[in-house]
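*Asks:* The chain contents come next:
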Amino acid sequence: AQSVTQLGSHVSVSEGALVLLRCNYSSSVPPYLFWYVQYPNQGLQLLLKYTSAATLVKGINGFEAEFKKSETSFHLTKPSAHMSDAAEYFCAVTRSNTGNQFYFGTGTSLTVIP
Amino acid sequence: NAGVMQNPRHLVRRRGQEARLRCSPMKGHSHVYWYRQLPEEGLKFMVYLQKENIIDESGMPKERFSAEFPKEGPSILRIQQVVRGDSAAYFCASSPGGTTDTQYFGPGTRLTVL
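Residue numbers (this note's numbering), protein chains in the order written: chain A, 972 to 1085; chain B, 10 to 123.
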């Protein structure tokens, strides 16, 4: 079975500070992992995805995530937070053999303090 | 290339009425997924469809909910005899193929049941 755990439903950082949003997954087969961002009253926008090509994945808006198999983690980071980064962030996993449905974490709400 | 389109964006129904949610996938995408997002929760998979076929409906409630993706026209998620617990945001996503292809999300339909 697949699942995703996002530690910390709310994260606050100061503008310019490091952003770290945590995601741990469980999967019985090699996973495909995604980070999506959701702005208020909007749909989900893909930030980045891991498909086993490289463990460090760079996405849009300066975000990146590192796949660590030994820790079953796929944490999202950004060196310097911007006010426009305030949003809800979702980690999702699917698997390589049957795919189809994505399993989403419960989300982390990021607040950026000026 | 237009993104995934959903309409209506907001839908208000009284208990017992029917709700019809529409989703037009991105051009060239033949795979459609429906997810439900309850307040303060992540997205939960409902159903996966290809043209004229339901591939996976393991997340659909057994009663009152149905989905279709006809040969022509948008995918429809239909909820009969709505109850207050159906109030949620319903998101549609599409992908060019199945398995682990990135899913692109629409803006969602926010259903309110009075």
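Hints are supplied without guarantee of correctness; some may be wrong.
[Claimed, not checked] Simulated restraints on C-beta separations:
1) B:His-19 / A:Lys-1039: 47 to 53 Å
2) A:Thr-1022 / B:Glu-81: 29 to 35 Å
3) B:Arg-24 / A:Pro-1050: 24 to 30 Å
4) B:Arg-87 / A:Leu-1027: 30 to 36 Å
5) A:Glu-986 / B:Pro-79: 32 to 38 Å
6) B:Glu-81 / A:Ala-988: 47 to 53 Å
7) B:Arg-24 / A:Thr-1048: 42 to 48 Å
8) B:Arg-73 / A:Pro-1050: 44 to 50 Å
9) A:Glu-1035 / B:Lys-80: 38 to 44 Å
10) A:Glu-1042 / B:Leu-123: 43 to 49 Å
11) B:Gly-94 / A:Glu-986: 48 to 54 Å
12) B:Thr-121 / A:Lys-1029: 25 to 31 Å
[Unchecked claim] Some chain B residues near chain A, calculated using beta-carbon distances under 8 Å:
13) Gly-51
14) Phe-74
15) Gln-112
16) Gly-115
[Unchecked claim] The calculated lysine-lysine pairs, modelled on PhoX-like cross-linking and capped at a C-alpha distance of 25 Å, are:
17) B:Lys-60 / B:Lys-71
18) A:Lys-1040 / A:Lys-1020
19) B:Lys-80 / A:Lys-1020
20) B:Lys-71 / A:Lys-1020
21) A:Lys-1029 / A:Lys-1040
22) B:Lys-71 / B:Lys-36
In short, the hints are calculated from the structure, not lab data.
Here a beta-carbon is modelled for each residue, glycine too, at the ideal position from N, C-alpha and C.
*Asks:* Give a verdict on every hint.
*Replies:* Structure-based check of all given hints:
Evaluation of the 47 to 53 Å hint for B:His-19 and A:Lys-1039 yields a failure: the beta carbon distance comes to about 41 Å. Judged by the Cβ atoms, the range 29 to 35 Å given for A:Thr-1022 and B:Glu-81 holds: they are separated by roughly 33 Å. Our hint of 24 to 30 Å for B:Arg-24 and A:Pro-1050 is violated, since their Cβ atoms are close to 50 Å apart. For the pair B:Arg-87 and A:Leu-1027, the beta carbons lie near 43 Å from each other, so the given range of 30 to 36 Å is not met.
Distance hint check: the CB atoms of A:Glu-986 and B:Pro-79 are about 49 Å apart, inconsistent with the given range 32 to 38 Å. Taking 47 to 53 Å as the suggested C-beta distance range, the pair B:Glu-81 and A:Ala-988 conforms, at roughly 51 Å. In this structure the supplied range 42 to 48 Å holds for B:Arg-24 paired with A:Thr-1048, their Cβ-Cβ distance being about 45 Å. Between B:Arg-73 and A:Pro-1050 the CB atoms are about 48 Å apart, so this pair conforms to the stated range of 44 to 50 Å.
The supplied range of 38 to 44 Å is met by A:Glu-1035 and B:Lys-80, whose beta-carbon atoms lie about 41 Å from each other. Look at A:Glu-1042 against B:Leu-123: about 47 Å separates their beta carbons, and that is inside 43 to 49 Å. At roughly 39 Å, the beta-carbon separation of B:Gly-94 and A:Glu-986 lies outside the given 48 to 54 Å, and the hint is violated. A C-beta distance of roughly 39 Å is found between B:Thr-121 and A:Lys-1029, which places it outside the suggested range of 25 to 31 Å.
Because the smallest distance between the Cβ of B:Gly-51 and any Cβ of chain A comes to about 4 Å, under 8 Å, the interface hint for this residue holds. Interface restraint check for B:Phe-74: the shortest CB-CB distance to chain A comes to about 16 Å, outside 8 Å, so the restraint is violated. Taken as an interface hint, B:Gln-112 checks out: its beta carbon lies about 6 Å from the nearest beta carbon of chain A, inside 8 Å. The interface hint given for B:Gly-115 is met, as the beta carbon of that residue sits about 5 Å from the closest beta carbon of chain A, less than 8 Å.
Distance restraint check for B:Lys-60 and B:Lys-71: the Cα-Cα separation of roughly 22 Å lies within the 25 Å cut-off, and the hinted pair is therefore satisfied. For the suggested pair A:Lys-1040 and A:Lys-1020, the alpha carbons sit about 15 Å apart, so the restraint of at most 25 Å is met. Our distance criterion of 25 Å between C-alpha atoms is broken by B:Lys-80 and A:Lys-1020, whose separation comes to about 31 Å. About 32 Å separates the Cα atoms of B:Lys-71 and A:Lys-1020, which puts this hinted pair outside 25 Å; it is violated.
Between A:Lys-1029 and A:Lys-1040 the alpha-carbon distance is near 17 Å, which keeps this suggested pair within the 25 Å criterion. Under the criterion of a C-alpha separation no larger than 25 Å, the hint pairing B:Lys-71 with B:Lys-36 is inconsistent with the structure, at around 31 Å.
Checked against the numbered hints listed earlier, the structure breaks hints 1, 3, 4, 5, 11, 12, 14, 19, 20, 22; every other hint is satisfied.
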